[in-house]
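S.K.: Note that the protein sequences, when read in sequence, are chains A and B. Terminal number for the first sequence in my numbering: 132, no gaps in between. Terminal number for the second sequence in my numbering: 119, no gaps in between.
It is worth saying that the hints were derived from the structure and are not from the lab. Be aware that one or more of the hints could be misleading.
As the list claims (entries may be wrong) - Here are some chain B residues pointing at chain A (derived, C-beta under 10 Å):
no.	residue
1	Leu-46
2	Thr-59
3	Val-64
Given the structure is predicted, the values throughout are model-derived calculations rather than measurements. For every residue, glycine included, the Cβ atom is placed at its ideal position computed from N, Cα and C.
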Amino acid sequence: AQKITQTQPGMFVQEKEAVTLDCTYDTSDPSYGLFWYKQPSSGEMIFLIYQGSYDQQNATEGRYSLNFQKARKSANLVISASQLGDSAMYFCAMREGTFGNEKLTFGTGTRLTIIP
Amino acid sequence: GAVVSQHPSWVICKSGTSVKIECRSLDFQATTMFWYRQFPKQSLMLMATSNEGSKATYEQGVEKDKFLINHASLTLSTLTVTSAHPEDSSFYICSASTGIFHINGYTFGSGTRLTVV
């Protein structure tokens, strides 16, 4: 079974609009971490935002916020005021396990295209 | 911030030869190193996880004799693709963990694009 599910293979959004990228996850670990990464065409992985399973508040980093709904096992990324430079692949990832025995797995990704 | 240097950034090799990819953490000690493979327009697939001084743990379906991983020190991990074939052509990327779990504790290398001809 998929640990991380991203159901939107591609999205087109008008510049300056907000966009939500969906991510659901599946784990039985009580302690886990959720991440969003941006991958431009150059291939580098750019960290955007992190949410720990015990964090009470939703994470925010500048224009990025994570809508964490633990009971629904979803961790959607919200990008406010989208910019042309936001066009890229976006991956949701989950860390499970403990120190020395951890695993970081990725969803299938969403290709976001910002339209001028 | 934490930096992982991955080399080479791209390599072309002949079928049947071996290729070594290096990931070096420059300013921190990487307790765990992850190696991923990414085919065009696809996700990062975890190949193996290695802890310094231990044998790597390979994911199901990944041939450990073909993809040799060495994590001899806290700052260096290598992936050797042995007897490479065209189907091994892919983007390989490493990720180092600092073991700090309450924040983003992962730093990625810039990736290696392997083409086997």
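S.K.: So, for every hint listed, does it hold in this structure?
M.R.: Hints, one by one, checked against the model:
1. Leu-46: Hint on Leu-46 (chain B): holds, closest Cβ of chain A at ~5 Å, below 10 Å.
2. Thr-59: Check passed: Cβ of Thr-59 (chain B) comes within 9 Å of chain A, closer than 10 Å.
3. Val-64: violated (14 Å)
The structure fails to meet hint 3 from the earlier list, while all remaining hints are met.
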